[in-house]
Amino acid sequence: MSTQVEPGALPGRKASRKGGDNKGVNKEVGADRKEKTQGRAATLLIAPTLIVLAIVILYPVINAVIMSFQHDQGLDAATGLFVTGGFAGVSNYVHWLFQQCPTSGGTGSCPPGTLGAQFWSATGVTFFFTVVTVFFETLFGFWMALIMARTFKGRSVLRAAVLVPWAIPTAVTAKLWFFIFAFDGIVNTLFHSSILWTGSEGPARAAIIIADVWKTTPFMALLILAGLQMIPAEVYEAAKVDGASAWQRFRLITLPLVKPALMVAILFRVLDALRMYDLPAIMTGGANGTTTLSILVVDQIRVGFNSAAALSTITFVIIFIVAFIFVRFLGANAVESASGGAKGKQK
Amino acid sequence: MRHSKKIAPLAIVSVLAMTLAACSGGTGGSGGGAAQQNLDGRGPITYVQGKDNSNVVRPLIDKWNAAHPNEKVTFKEQSDNADQQHDDLVQHFQAKTGDYDVVDVDVIWTAEFAAQGWLQPLNDKMAIDTTGFLPATVATGTYKNVMYALPQTSDGGILYYRKDLVPTPPKTWDEMMAMCPVAKAKGIDCYAGQFAQYEGLTVNVAEAINTAGGTVVDKDGKPTVNTPEAKAGLTNLAQAYKDGNIPKQAVTYQEEQGRQAFEAGKLMFLRNWPYVYNLAKTDGSSTVKNTFGIAPLPGKDGPGASSLGGHNLAINADSKYKATAKDFLTFMTSAETEKFYATQGSLAPVREGLYTDADLVKQLPYLPVLLTSIKNAVPRPVTPFYPAVTQAIQQNSFQAINGTKSVDQALTDMQAAITTAVSK
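Sequences listed follow chains D and V, in order.
Under our numbering, the first sequence has 31 at position 31, and the numbering climbs by one with no breaks.
Under our numbering, the second sequence has 429 at position 82, and the numbering climbs by one with no breaks.
Worth flagging that the hints you see were computed from the coordinates, not collected in a lab.
Keep in mind that a hint or two might mislead.
Stated by the list, open to error - Residues from chain D shown here face chain V by an in silico Cβ test under 10 Å; the list is partial: (1) Ala42; (2) Thr43; (3) Leu75; (4) Pro111; (5) Phe183; (6) Thr284; (7) Gly285; (8) Val298.
By construction, the Cβ of each residue, glycine as well, lies at the ideal position given by its N, Cα and C atoms.
Let's have the full structure, built from the sequences with the hints guiding it.
Structure follows, in structure tokens:
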């Protein structure tokens, strides 16, 4: 009902403000003017948002890129005070990508224990976490979604309940799992084991993956569930009539039809995982081979802003490339069929 | 297609904003003439420090405000996370508005802030008398022979031991190691400090190196860690871990985990800060209430060299009311205030006289031991590049202790990493 009222009310008001004599105008001209005023109104209405976006997103981004071409401040040996470093060219990028550090006699490869030496390992760790966590989250999320899609008693309660891990703030989740994986913690007590979960590389990574999967699988499940619910029941009925087995129904109906939702869910999670910070930062502090790119950026901010800007620009480019590849080669089909309506209108 | 094209860029932009927004505030710069201005300014000021957990600051501020109606102090409390405090201070200093007049700085930040030109040098007209202060604490506020910050509270490492198992505490590291079979016979672990890879590890490793006669950096901040003395110190830790005298879970211990193990009776020796004393005496879950004692850290042939903790007070170089700020500094470090810190907040005084104050020692029996600890203490590397230096120490020593790298290699790498860190 409301949709009917608004379009009628808006031009009416405008017309009366401009003068009464417009009322008898040709219908087509009225429609044309309506479109124009609406266009202008739309621009006006969007403008504040665009300005805010420019201020809060564009400005810091451009500023960071400019900063990344400046040297970090250095110490003036005579006074012991910091002085600004000046234009650096691409040396900050060389520092990270080729792990070159200043040494007593020029530059050389960064020694272990410097942040510069950790760029590629942090990149590797980030991708490792991304691939493993997203894989398990998709697997378990799909499984949970299939169960929740069925009609059974208490379904709504279950749907609300699975959201609990997702509703807990990540920092709290991280602290929770930190205690669970402590040496005298629940896991070691339960399994009578004495594993140094946060004190050695393999277990530390496993602990972080478990915590992340626990936290984000519900998110995945609900997105996939939404996709499942879009599939009309008639399709399954028809398939059953045609004698398709359960596996065939899953492979030939569920999977292709849920693919758009699935791809969007995976894309979101991949982008999220690529900038993972809080879980490893709180559970291990980045020790034992769990330093991700985001942790490295934050550590670097404390040491020097300009090389931190270069590092976050590199991080951004990496994430951009991954997202681009994803949408271009993997997600393109999915998204096309998902927005079939919009595509039709365009053509 | 229209929708699909929009999803990715939007998602990316949000990612980007998250990654980069944090970096947008940084421009370097050094203090110009600000240090010479407003030296006689009087007026209302703001005092900033981390969370006032034991509620010692508010009563003091109220007392000051009652006596100085025209120079009132506003107290701004930060979070209780040290990194966040540091970043908050940096942001306000960079803004150069002088809205933070007096700030509380961790001893390890003093050199960095001083080198940025953010702190008012406490010399000439601004000089404050530090007679009676423990020399090591004054050293933490000094950069390039100029005092930039006034010691407010101190902290030193103490050895907690089980006097029911070892009646006399070990004086040297070797003695302590020789006592470890006693713990093994009881089925408990021998010794632990803070060996997880974080700032606490730097504290413990610096203690091991300093105790063995080595140094991490010299007076000018140049690394000096690749020496036989430093090797002896780090080897002590690595060897003890290998032998099991330091239990294997100790590489996950920060202050609290070690304290809990000690209070649960699972540990014979623990290196920790004085705050543990009261908790171990009063905690309901503490099984060692009446069976633990305290001693100075074991050394090479006498008391060991503790790393120095604690906080200093400094004046923002851009403050408008420096005369008031200076008076406030004097007030906040007076003998009376220091005594209040000690009794109300268990914060270690910086004035030597208080450690022998009979009244105070009765309330805080650990004071004489702590005095020995602080008198033998060595400040952690005084360098404006502290964050990078501590990274270099933590990462390499952690690998040396857990055996994934030889001590020699770790020290070579540590030396190189510190050289890189300080050669900007």
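Okay, the hints, checked on the actual structure:
1. Ala42: violated (16 Å)
2. Thr43: Hint violated; Thr43 (chain D) Cβ to chain V Cβ min 18 Å, cut 10 Å.
3. Leu75: With a minimum Cβ separation of about 6 Å from chain V (threshold 10 Å), the hint on Leu75 (chain D) holds.
4. Pro111: holds (3 Å)
5. Phe183: With Cβ-Cβ at 4 Å, under 10 Å, it holds.
6. Thr284: holds (8 Å)
7. Gly285: holds (5 Å)
8. Val298: At about 7 Å, which falls below the 10 Å cut-off, the nearest Cβ of chain V leaves the hint on Val298 (chain D) intact, so it holds.
Hints 1 and 2 from the list above are not met by this structure, while the remaining hints are.
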